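Asker: One letter stands for each residue in the lines below.
Protein chains: 2
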Amino acid sequence: MKIIKDALAMQRAAFAEKQAGKTVGLVPTMGALHEGHLSLIRQARRENDRVVVSIFVNPAQFGPKEDLKKYPRPLKKDLALCRKEGVDYLFHPSPEMMYPQGYRTFVEVEGLSGLLCGRSRPGHFRGVATVVLKLFNLALPDTAYFGKKDFQQAVVIKRMAADLNLPVKIKALPIIREASGLALSSRNKYLKGKERASALVLNRALLLAKMLIRGGLREPKRLESRIKMLIEKEKQAKIDYIEIVDRATLEPVKKISAGTLVALAVQIGKTRLIDNMEAL
Amino acid sequence: MKIIKDALAMQRAAFAEKQAGKTVGLVPTMGALHEGHLSLIRQARRENDRVVVSIFVNPAQFGPKEDLKKYPRPLKKDLALCRKEGVDYLFHPSPEMMYPQGYRTFVEVEGLSGLLCGRSRPGHFRGVATVVLKLFNLALPDTAYFGKKDFQQAVVIKRMAADLNLPVKIKALPIIREASGLALSSRNKYLKGKERASALVLNRALLLAKMLIRGGLREPKRLESRIKMLIEKEKQAKIDYIEIVDRATLEPVKKISAGTLVALAVQIGKTRLIDNMEAL
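Those sequence lines, one after another, are chains A and B. In terms of our numbering, the first sequence opens at residue 15 and continues consecutively. In terms of our numbering, the second sequence opens at residue 15 and continues consecutively.
Hints listed in this document are in silico derivations from the structure and should not be mistaken for laboratory results. One or more hints might be untrue.
Heads up, the list lumps identical chains together, so a pair's fine if it works in one copy or across two of them.
List of simulated lysine-lysine pairs, DSS-like, C-alpha gap at most 25 Å [said to hold, decoys possible]:
#1 Lys-16 / Lys-98
#2 Lys-242 / Lys-206
#3 Lys-183 / Lys-32
#4 Lys-284 / Lys-206
#5 Lys-224 / Lys-247
No experiment lies behind these values; they were computed from the predicted model shown.
The following block holds chain A by itself, in its conformation from the complex (with noise of 0.2 Å):
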């Protein structure tokens, strides 16, 4: 596995390897893999040549307030995972190199940016779109690989990548659960003490709307009373949003159905956590 800092020299290594005729695939991470990370570099060793997982955590999608410093970077296991699992390419540059002095162009992917995770990390969106564009231009994936944990950022990733006609696809793949049921999350590590088993409400919220939508709830207002009612009943549990919305366009809905998604943001102590399950 070859380790590269710099941005040039990636660039220059996945050009080389399109000359060769060979297909790449790009895994973009933030580091802290967990065996969600490792399904989607799993899918994209077996579907190309060449194999990129990025590990940066990117400021600018983060909030002032937010977790930056503190997002966990254990690097030397990191790698330990990736070359296990055959990755070709590990590309880990600083934000330097990636935003250096003078830095100033971003890309917004309008309307769909300021919904549901969004309304409460206002430029977050901004921040991804950004950086998996420059990760894209450095690795010239033929595909790249996102998971439907973060079901927002695969959509507005998708709509960058329609929009701006890239020559990228763009593949989301499922949410990898814990046996308790909690979604993978490099910030699960945040969770202390009872908060790990508060956490488990997300997923019993999403199985119990599960259940109602399977019952032949179809009223979204009725779902998401229900669904509240639940998560309020765990006292660390904070709601941030609960959201009924069509999956491609993240709008809300009037009546549930098979493109519906069900998405949850909850703050568990300091930690804020989502979730999401699509309706039928």
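Fit chain B to the known structure of chain A by using the hints.
Answerer: Frame of chain A; chain B shown alone:
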């Protein structure tokens, strides 16, 4: 010469050329081609295996009260010129092809876009940056060619290319002028009767600036007032801006030096014209 109207067909053709190891030069235009455009096409022809010219009057870079509708579109003449210059691909998409229903992704080069022309044309450079990025992703050029008449445009695009790590070299080529000194522009066609003679005031102002700077003038304020006096003598001319700026940052300079740009925007009747000159 292959005429392509479909975005995906353009991308496939460009991809096939790149796969075959050919270099591609792109000249993005809004058509109504003149000797300025032809100088770009000729340089692209000399430096690349394949030359793509795009003709697209980009709605995203026109303000609501601007000349989108009446902008000249002499397509047959443009095609004949491109054929004569040995262009390989002429990309001529429809607005609906470039901005389909639901389109919502835009690129913003912050700061630079709000200066000079950006002040009287809000959103203009956002539209330019966005369409140029799309054209890069469709034509996959090694090198793209722009004219220095639109100096700010070239600066914005160079900044975007650097910031987003685009694998494209940007070249900005010298302004081409009529024998009268008038900088070539597709908008010169709007000038009626005596306006053509009035329009020469832009070049005269720049020649005055050159003379004064050669004579030792280094104070931007004094240069500006001399230019202002000269332009104000021309009855039909209304100054939009006179700017004496750093040619990389486009910020006003305190002292005129080798990196200084003198840039003008002047309304002649209903036609807004721009021109510029590097100071030394």
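Asker: Give the relationship of Lys-242 and Lys-206 under a CA distance limit of 25 Å: within one copy only, between copies only, both, or neither.
Answerer: Close inside one copy (23 Å), not across copies (68 Å); limit 25 Å.
Asker: If the cutoff is 25 Å on CA atoms, where do Lys-16 and Lys-98 land: within, between, both or neither? Let me know, please.
Answerer: within (13 Å within a copy, 48 Å between copies)
Asker: When Cα atoms must be at most 25 Å apart, do Lys-284 and Lys-206 count as within-copy, between-copy, both, or neither?
Answerer: within (10 Å within a copy, 68 Å between copies)
Asker: Treating 25 Å as the Cα threshold, decide for Lys-224 and Lys-247: within, between, both or neither.
Answerer: Within one copy only: 19 Å inside, 76 Å across.
Asker: With 25 Å as the alpha-carbon cut-off, assign the pair Lys-183 and Lys-32 to within, between, both or neither.
Answerer: both (15 Å within a copy, 18 Å between copies)
Checked against the numbered hints above, the structure violates none of them.
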